[in-house]
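Novice: The primary structure of each chain is shown beneath.
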Amino acid sequence: MKGCIEMDTFTVNANTGATSAAPQVRFSVSPNAETAYKLSTSLVTSLRITGSLPGGRRLARPLYVTITQDDGEVIVSEPHFHMHASAPTTAEALVAFRRIFSGYLDVLASRESRLDPYLHEQLAYLRSYISAE
Amino acid sequence: MPTLESDKVAKALTGKMQAEQVDSGDWYFVISNDEGVVVASTTISKGAKHTLSAQRVSEMKRQLRLSTSKQFVDLVNCPLSREEALKIMESNPPSSSRQRH
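Protein chains in written order, with the working numbering: chain C, 1 to 133; chain W, 1 to 101.
Hints were generated in silico from the structure; no laboratory data involved.
Cβ atoms here follow ideal geometry from the backbone N, Cα and C, with glycine treated the same way.
Check the hints yourself; a few may be wrong.
[Stated by the list, open to error] Listed next, the stretches of chain C that the computed footprint assigns to chain W, with coverage defined by at least 3 CB atoms under 8 Å from CB atoms of chain W:
no.	region
1	74-82
2	100-111
3	115-128
[Claimed, not checked] Only some residues are given here: those of chain W computed to face chain C with a beta carbon under 8 Å:
no.	residue
4	A10
5	D23
6	D26
7	V30
8	V37
9	V39
10	S41
11	Q55
12	R56
13	R62
14	R65
15	E90
[Claimed, not checked] Okay, the calculated beta carbon distance ranges per label pair:
no.	chain 1	residue 1	chain 2	residue 2	range
16	C	S131	W	S24	16 to 26 Å
17	C	R114	W	N77	37 to 47 Å
18	W	K16	C	A60	33 to 43 Å
19	C	P117	W	K11	23 to 33 Å
20	C	S113	W	K16	23 to 33 Å
21	W	S91	C	A91	19 to 29 Å
22	W	S91	C	A124	16 to 26 Å
Construct the entire structure; sequences and hints are all you get.
Specialist: Listed below in structure tokens is the structure:
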């Protein structure tokens, strides 16, 4: 069982190395750590992210992701197609997630004529969230 | 809860599953069926061999449209064949016909 909670929004600067300008990463976290959930060995929190993506792109609308801490790593994942990234810290994992999420658009769009219905839907999903800056 | 080594997963995807490995800052693995239709994909961060946690194995399993983590482990550790894996992947419907959460 996971929970999505009302959150405060924080902004941090993160350097992805993918663009010359250091993008801003905006993410929301629970104002109260006690609202996070303990699931077996994993700690899961739902977050709402907005803002810049690498390559001159941005999230066209807020995207809800889950942040899971498991075995010393932080995993950021979106719930529909399970695109995800991991890193030692939440901030790093969020930067990696933005890079991978944006990269998926290129990987799938360049193979659009060969995608099966499942991946066509994933591509449409990505296009609904990603726009140019 | 199973864990897997990243190098073994990459080897299984590019070897047994004949996935195309795309270098785009991270490694994207794109799996096609025998007709050349792309049916699944997943990613692994570049870098040294590392252990994929149980949660990551679970996420990758879902990305690859496998039904259980055991199927993913069997895919990497050999019992599950490419043909069997493709059959499972292609039997999972688009998310529009699944209940979203």
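Novice: All hints, please: hold or fail.
Specialist: Hint-by-hint comparison with the structure:
1. 74-82: holds (count 6)
2. 100-111: holds (count 7)
3. 115-128: Check passed, 9 qualifying residues.
4. A10: Violated: closest Cβ of chain C sits about 15 Å from W/A10, beyond 8 Å.
5. D23: violated, 10 Å
6. D26: holds, 6 Å
7. V30: holds, 7 Å
8. V37: W/V37 check passes; min Cβ-Cβ to chain C is 5 Å, inside 8 Å.
9. V39: Hint on W/V39: holds, closest Cβ of chain C at ~5 Å, below 8 Å.
10. S41: holds, 7 Å
11. Q55: This interface hint holds because 4 Å falls under the 8 Å limit.
12. R56: holds, 6 Å
13. R62: Where the cut-off is 8 Å and the nearest Cβ of chain C is about 4 Å from W/R62, the hint holds.
14. R65: holds, 7 Å
15. E90: Status holds, d = 7 Å.
16. C/S131 to W/S24: 16 to 26 Å: holds, 19 Å
17. C/R114 to W/N77: 37 to 47 Å: violated, 29 Å
18. W/K16 to C/A60: 33 to 43 Å: holds, 38 Å
19. C/P117 to W/K11: 23 to 33 Å: holds, 29 Å
20. C/S113 to W/K16: 23 to 33 Å: Roughly 26 Å apart at Cβ, these two residues keep to the hinted range, so it holds.
21. W/S91 to C/A91: 19 to 29 Å: Cβ of W/S91 to Cβ of C/A91: about 38 Å, so the range 19 to 29 Å is violated.
22. W/S91 to C/A124: 16 to 26 Å: holds, 21 Å
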